[in-house]
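Asker: Each chain, written out:
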Amino acid sequence: MNKVLKKVRGRNIKSNFKQFLSVIFIVLLATMLFSGFMTNSFTLKSCVDNYFTETNLADLWVNTDKVSTEDEAFFEANTTKFDKRLQFETIAEIETLKINSSASIYVYEGKVSTPYIESGKKGCLIDKNVAKDQKIQAGFHDISFSYVVNYQGTDYTLDFVERLTGTMSLDERANTYNSWTVVIDKELFLERVKEKLAEKVVGFDENLFEGIAYNQVLVKTDDAMQTSTTIKNYYDSGATLSKLVYMHGREEVESVKLLNEEVEQSQKMIYVFPIIFLVVAVLIILTTIDQLIVQEQKKIGILKACGIPNKKILKHYSFYGAILCTIGAGLGVLFGLVLIPEVMFSRYGMIYSIPEDYIKLQIPVWWLVALTISMIVLGFIVAFVRCYKILNKNPIDCLRYNLTASAKKLKKRKKKFKKMPISLKMAFRNIKMKPLRLVMGAVGMAGCVALLLSGFGIGDTLSKSLKNDLGKVFDYDISSTYNKSDFKEKLLGDERIEFVEDYSRVYATLSVDLESDKVYVYQIAENSKIFKEQLTGDNVCISKTIADKFGLEVGDSISVSLKDKSVKLVISSTIETSFKNGVFVCKDLEFEETFVSKGVWINTKESADSEKVAEFVNEINGTNTALTIEEEKENVKGRIMSTSTMTKTIKVFGIMLAVIVLLNFIFLILKERTIEIATLKVIGQNSLQISIAVFIEVFIMAGIGMILGMVLGVPLMILILTVNKIELLNYIISIKFVSFLATFFIILITIFAVLFVCYLKIKKVNMAESLKSVE
Amino acid sequence: MKKEQLIFDERYVGSVAVEHVSKFYGENFEVKALNNVSLQLFTGQFVVILGASGSGKSTLLNVIGGMDTVSAGSINFAGVDITELSDKIFSQYRREVVGFIFQFYNLMPNLTALENVELAELPGEMLAIDALKAVGLEDKADSFPSELSGGEQQRVAIARALVKNPKILLCDEPTGALDSKTGKMIIKLLMDMNKKKDKIIVVVTHNSAIAECADRVLKISDGKIVSDETIKNPKSIEDIEL
Numbered sequence: 003m004n005k006v007l008k009k010v011r012g013r014n015i016k017s018n019f020k021q022f023l024s025v026i027f028i029v030l031l032a033t034m035l036f037s038g039f040m041t042n043s044f045t046l047k048s049c050v051d052n053y054f055t056e057t058n059l060a061d062l063w064v065n066t067d068k069v070s071t072e073d074e075a076f077f078e079a080n081t082t083k084f085d086k087r088l089q090f091e092t093i094a095e096i097e098t099l100k101i102n103s104s105a106s107i108y109v110y111e112g113k114v115s116t117p118y119i120e121s122g123k124k125g126c127l128i129d130k131n132v133a134k135d136q137k138i139q140a141g142f143h144d145i146s147f148s149y150v151v152n153y154q155g156t157d158y159t160l161d162f163v164e165r166l167t168g169t170m171s172l173d174e175r176a177n178t179y180n181s182w183t184v185v186i187d188k189e190l191f192l193e194r195v196k197e198k199l200a201e202k203v204v205g206f207d208e209n210l211f212e213g214i215a216y217n218q219v220l221v222k223t224d225d226a227m228q229t230s231t232t233i234k235n236y237y238d239s240g241a242t243l244s245k246l247v248y249m250h251g252r253e254e255v256e257s258v259k260l261l262n263e264e265v266e267q268s269q270k271m272i273y274v275f276p277i278i279f280l281v282v283a284v285l286i287i288l289t290t291i292d293q294l295i296v297q298e299q300k301k302i303g304i305l306k307a308c309g310i311p312n313k314k315i316l317k318h319y320s321f322y323g324a325i326l327c328t329i330g331a332g333l334g335v336l337f338g339l340v341l342i343p344e345v346m347f348s349r350y351g352m353i354y355s356i357p358e359d360y361i362k363l364q365i366p367v368w369w370l371v372a373l374t375i376s377m378i379v380l381g382f383i384v385a386f387v388r389c390y391k392i393l394n395k396n397p398i399d400c401l402r403y404n405l406t407a408s409a410k411k412l413k414k415r416k417k418k419f420k421k422m423p424i425s426l427k428m429a430f431r432n433i434k435m436k437p438l439r440l441v442m443g444a445v446g447m448a449g450c451v452a453l454l455l456s457g458f459g460i461g462d463t464l465s466k467s468l469k470n471d472l473g474k475v476f477d478y479d480i481s482s483t484y485n486k487s488d489f490k491e492k493l494l495g496d497e498r499i500e501f502v503e504d505y506s507r508v509y510a511t512l513s514v515d516l517e518s519d520k521v522y523v524y525q526i527a528e529n530s531k532i533f534k535e536q537l538t539g540d541n542v543c544i545s546k547t548i549a550d551k552f553g554l555e556v557g558d559s560i561s562v563s564l565k566d567k568s569v570k571l572v573i574s575s576t577i578e579t580s581f582k583n584g585v586f587v588c589k590d591l592e593f594e595e596t597f598v599s600k601g602v603w604i605n606t607k608e609s610a611d612s613e614k615v616a617e618f619v620n621e622i623n624g625t626n627t628a629l630t631i632e633e634e635k636e637n638v639k640g641r642i643m644s645t646s647t648m649t650k651t652i653k654v655f656g657i658m659l660a661v662i663v664l665l666n667f668i669f670l671i672l673k674e675r676t677i678e679i680a681t682l683k684v685i686g687q688n689s690l691q692i693s694i695a696v697f698i699e700v701f702i703m704a705g706i707g708m709i710l711g712m713v714l715g716v717p718l719m720i721l722i723l724t725v726n727k728i729e730l731l732n733y734i735i736s737i738k739f740v741s742f743l744a745t746f747f748i749i750l751i752t753i754f755a756v757l758f759v760c761y762l763k764i765k766k767v768n769m770a771e772s773l774k775s776v777e
Numbered sequence: 006m007k008k009e010q011l012i013f014d015e016r017y018v019g020s021v022a023v024e025h026v027s028k029f030y031g032e033n034f035e036v037k038a039l040n041n042v043s044l045q046l047f048t049g050q051f052v053v054i055l056g057a058s059g060s061g062k063s064t065l066l067n068v069i070g071g072m073d074t075v076s077a078g079s080i081n082f083a084g085v086d087i088t089e090l091s092d093k094i095f096s097q098y099r100r101e102v103v104g105f106i107f108q109f110y111n112l113m114p115n116l117t118a119l120e121n122v123e124l125a126e127l128p129g130e131m132l133a134i135d136a137l138k139a140v141g142l143e144d145k146a147d148s149f150p151s152e153l154s155g156g157e158q159q160r161v162a163i164a165r166a167l168v169k170n171p172k173i174l175l176c177d178e179p180t181g182a183l184d185s186k187t188g189k190m191i192i193k194l195l196m197d198m199n200k201k202k203d204k205i206i207v208v209v210t211h212n213s214a215i216a217e218c219a220d221r222v223l224k225i226s227d228g229k230i231v232s233d234e235t236i237k238n239p240k241s242i243e244d245i246e247l
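Protein chains in written order, with my numbering: chain U, 3 to 777; chain X, 6 to 247.
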């Protein structure tokens with residue numbers, strides 16, 4: 003008996019292959035996303051942890067005016083490990099490529115925050131992403147920059163031209179976007195300085211040279227809080243002549259912050275989108291498996307009539323649910339953990355400089371096992387419950403099952419529907435006969451539409467957020483930073499430029515009572531033509547995001563400090579910004595110039611091509627960067643790549659799920675109505691005429707799903723954005739009418755594509771085969 | 006090249022000529038459902054095809070009715086070789102020329118009796134309600150198939166076939182799912198329709214009793230016509246036991 007049942011099972015799988023395949027696909031998609039995002043999250047966390055551990059990321063950054071011998075002795079005694087470092091910002095050029103940019107040069111041994119050498123060797127290392135983007139080759143290209151050295155009380159500006167020896171990733175500068183990081187070995191630099199001094203200073207005596215003035219100490223410690231207090235006490239005690247400028251921990255290092263935020267976001271991602279997807283998928287699985295078993299009712303009746311025990315029949319049919327979910331979940335888990343982290347890490351690789359050695363796939367085995375088992379159990383239970391219900395009937399009732407049985411719900415027709423076209427009547431009555439299928443189908447479609455719409459909505463939100471800052475709050479054509487005073491004169495000489503407005507920006511500490519955080523402080527011209535909010539005198543405008551974070555209102559006082567200078571300000575207005583968050587003032591806060599980035603906003607004449615003007619600005623000697631507003635938008639988009647990736651994934655999976663839901667719905671209908679279709683063909687109706695009733699049914703189902711999905715899409719988008727909120731960006735929630743239209747048309751095209759498949763299937767129905775008599 | 010138009014030669018409207026028709030199944034055409042079958046059917050004939058299971062009688066019915074294609078040979082109706090018709094014209098042939106009656110009625114469960122008949126209505130022919138009247142079911146016009154007995158359902162199916170006044174009426178085991186009393190009623194209905202002598206009625210059955218009412222009996226075995234007998238004095242339906 004078991005052998006025969008196994009054969010029946012095998013043949014059933016063959017005959018219901020398409021429905022089975024759609025269940026497998028739905029389970030696959032749902033588990034794939036879940037397992038993929040989960041594996042990605044675990045892998046990213048382990049990668050970031052590994053990265054920071056293996057490279058000995060510092061716990062404290064102590065910035066001083068000069069690191070003295072006494073200081074070194076102090077750090078030796080009070081820290082686990084330390085490394086003194088010279089850090090300076092300069093304009094670096096790679097002459098062969100005619101590239102110049104503001105670069106951060108680090109000169110140190112590398113005991114703490116060790117640069118990870120990706121290629122080449124120690125000496126003069128450049129960030130691997132910069133090297134890749136700018137097509138810089140280590141061992142081939144030279145980097146040139148200037149540095150001021152003091153010898154015997156006189157400052158000498160030394161010009162260095164150094165051959166790049168390799169590429170590297172530096173943990174504390176992992177977010178290399180638009181920033182050049184160069185690490186030079188301490189010994190090599192010292193040697194070069196001596197050489198340059200010898201060239202420049204007649205009678206240079208090496209013994210009189212005091213060496214490089216290191217200005218930073220990187221500290222490794224088990225207790226950052228305690229150690230920072232000890233360090234502060236040391237500098238305050240007068241035991242050293244050096245002066246503590248600024249000390250911070252890992253929380254203020256942007257790349258550490260961003261990478262940790264990525265990890266956090268990747269964890270959150272699991273609990274929103276894949277879970278919603280999983281819920282939609284589960285609903286579809288429930289209907290499909292349920293319908294599959296219902297279609298087997300006659301066979302169940304036969305088995306029952308043959309005297310096969312209920313237990314065996316239950317086991318036999320529950321197997322379907324379980325096996326489909328096993329295959330789907332197995333493949334989904336496998337594809338998920340292979341594909342999704344691969345895609346996500348290629349994206350991370352564009353934003354962060356992460357050594358590939360630390361990217362090791364971390365499979366959350368128990369989670370994935372639990373996920374697979376849940377799906378198997380789900381499939382088993384659905385099939386079991388439905389089969390159990392059928393088994394409660396008499397065998398003869400099971401054997402009598404056909405469409406006519408469901409049609410018993412239909413009673414004598416009402417006169418008012420007499421004039422309705424026959425296809426419409428058929429569609430409505432089919433729905434009346436199987437309302438649950440329509441409801442489940444509509445719920446599935448609603449899920450797909452909601453996912454797609456939320457994908458578009460997230461795109462709109464990002465675009466609105468960008469447009470708000472770049473176009474509304476700040477209305478310029480080109481923004482440029484510079485390092486030479488005659489830069490502006492050269493700029494104003496160009497007739498394509500309408501006007502130029504100065505601004506400066508500084509990364510300072512905002513303090514309110516006991517709370518503090520690093521923010522950008524923008525100094526803007528009075529009655530600026532660029533900045534939306536008109537500032538005069540002591541007016542201070544603050545981004546709404548920052549105001550909300552600190553619970554600030556107009557009239558509240560804030561303190562902004564940089565190094566040893568602190569300024570008290572009173573908020574006069576707030577402004578909604580998305581990523582250009584900060585404090586906006588028009589008076590000079592007189593912060594130390596070294597830390598102030600100077601720039602201009604340029605508006606071009608209407609007839610001028612901004613891109614060409616930006617090219618011209620870039621060529622001016624003294625320009626750091628010049629970007630059109632569109633390029634700047636692209637840069638920001640690059641920084642929020644994981645959110646964009648998520649948006650795209652949502653859209654793609656939404657469409658895929660819609661295709662499966664629709665195909666599944668159609669396959670179920672066609673399987674059930676083959677005889678009807680064949681009969682209609684025999685009567686002389688053509689395939690298109692026959693298809694219309696099915697089309698109407700699909701449209702009604704999809705229409706309900708579409709309306710529901712459009713309504714649910716907006717809260718879903720808000721939910722996704724709220725859960726995935728990142729500090730970098732304040733989302734200005736928006737969804738355009740065109741997104742609703744796009745969602746509508748994409749779903750409509752999907753429906754038409756699937757209906758075409760349906761039409762072909764109807765065309766293929768073999769009349770003779772389907773209508774065979776029983777002899 | 007498939008024909009895209011269905012134009013009948015009025016001189017031959019009354020006959021179907023099956024010439025050397027074969028129908029093979031299987032990857033290597035190892036199953037010969039029909040093997041070089043030739044016959045001619047004429048208007049007014051009530052033909053019964055007898056044969057064992059798998060003999061090829063239903064296949065013959067299907068290829069005449071345009072439900073299935075042939076592997077070889079031709080089928081001519083009113084001067085048109087229907088094996089040469091395109092899909093679209095084949096549908097037209099089924100709609101305008103052929104009426105089918107099945108063993109299991111094959112009514113649309115979601116349409117009422119009247120609507121089921123309306124499905125096959127043709128302009129200029131009988132109205133669906135008149136067809137239902139003809140089978141004595143006008144009072145059940147608004148009932149769904151699930152509300153009708155087997156015999157009633159088969160009568161609706163006959164009305165559906167009748168409504169378009171087909172030239173050929175093909176019945177595949179029309180009494181197979183009915184009790185003998187109802188079966189007799191259905192055969193009587195078919196014989197009554199034959200009184201007008203305006204169509205070819207072909208009944209496929211394994212029940213030899215029905216053959217006693219026919220005016221022509223074909224016997225098929227292994228895909229070949231083994232006997233073709235014309236009955237000069239067919240019995241009345243009341244005289245036979247189904």
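These are calculated hints, taken from the structure and not from any lab test. Positions of the beta carbon are idealized from the N, C-alpha and C atoms, including for glycine. A portion of the hints provided could be inaccurate.
To be verified - With a cut-off of at most 27 angstroms between alpha-carbon atoms, the simulated DSS-like pairs for lysine-lysine come out as follows:
no.	chain 1	residue 1	chain 2	residue 2
1	U	K765	X	K93
2	U	K774	X	K93
3	X	K186	U	K427
4	U	K650	U	K301
5	U	K774	X	K237
6	U	K16	X	K37
7	U	K763	X	K229
8	U	K234	X	K186
9	U	K765	X	K37
10	U	K434	U	K300
11	X	K172	U	K765
12	U	K673	X	K189
Said to hold, decoys possible - If the Cβ cut is set under 10 angstroms, some of the chain U residues that face chain X in the computed set are:
no.	residue
13	G213
14	I214
15	N217
16	K614
Asker: Hint by hint, say whether it matches the structure.
Answerer: Evaluated hints:
A distance of roughly 11 angstroms separates the Cα atoms of K765 of chain U and K93 of chain X; the hinted pair therefore holds under the 27 angstroms criterion. Between K774 of chain U and K93 of chain X the alpha-carbon distance is near 23 angstroms, which keeps this suggested pair within the 27 angstroms criterion. For the given pair, K186 of chain X sits about 34 angstroms from K427 of chain U by alpha-carbon distance, which is inconsistent with the 27 angstroms threshold. Between K650 of chain U and K301 of chain U the CA atoms are separated by roughly 44 angstroms; this puts the pair beyond 27 angstroms, and the hint is violated.
Note on K774 of chain U and K237 of chain X: the hinted pairing is violated, with a Cα-Cα distance of about 32 angstroms set against a maximum of 27 angstroms. For the given pair, K16 of chain U sits about 26 angstroms from K37 of chain X by alpha-carbon distance, which is consistent with the 27 angstroms threshold. Restraint check for K763 of chain U and K229 of chain X: the C-alpha separation of about 33 angstroms exceeds 27 angstroms, so the hint is violated. With a C-alpha separation of about 110 angstroms, the suggested pairing of K234 of chain U with K186 of chain X is violated against the 27 angstroms cut-off.
Distance restraint check for K765 of chain U and K37 of chain X: the Cα-Cα separation of roughly 25 angstroms lies within the 27 angstroms cut-off, and the hinted pair is therefore satisfied. Only pairs whose Cα atoms come within 27 angstroms are accepted, and K434 of chain U paired with K300 of chain U is accepted, the gap being roughly 22 angstroms. Restraint check for K172 of chain X and K765 of chain U: satisfied, since their Cα atoms lie roughly 25 angstroms apart, inside the 27 angstroms limit. Our distance criterion of 27 angstroms between C-alpha atoms is broken by K673 of chain U and K189 of chain X, whose separation comes to about 34 angstroms.
The criterion of a C-beta within 10 angstroms of any C-beta in chain X is not met by G213 of chain U, whose closest approach is roughly 90 angstroms, and the hint is violated. With a least beta-carbon distance of about 86 angstroms to chain X, the hint placing I214 of chain U at the interface is violated under the 10 angstroms criterion. About 85 angstroms separates the beta-carbon of N217 of chain U from the nearest beta-carbon of chain X, more than 10 angstroms, and the hint is not met. Using the Cβ-Cβ criterion of 10 angstroms, the hint placing K614 of chain U at the interface with chain X is not satisfied: the shortest such distance is roughly 61 angstroms.
The structure is inconsistent with the numbered hints 3, 4, 5, 7, 8, 12, 13, 14, 15 and 16, although it conforms to all the rest.
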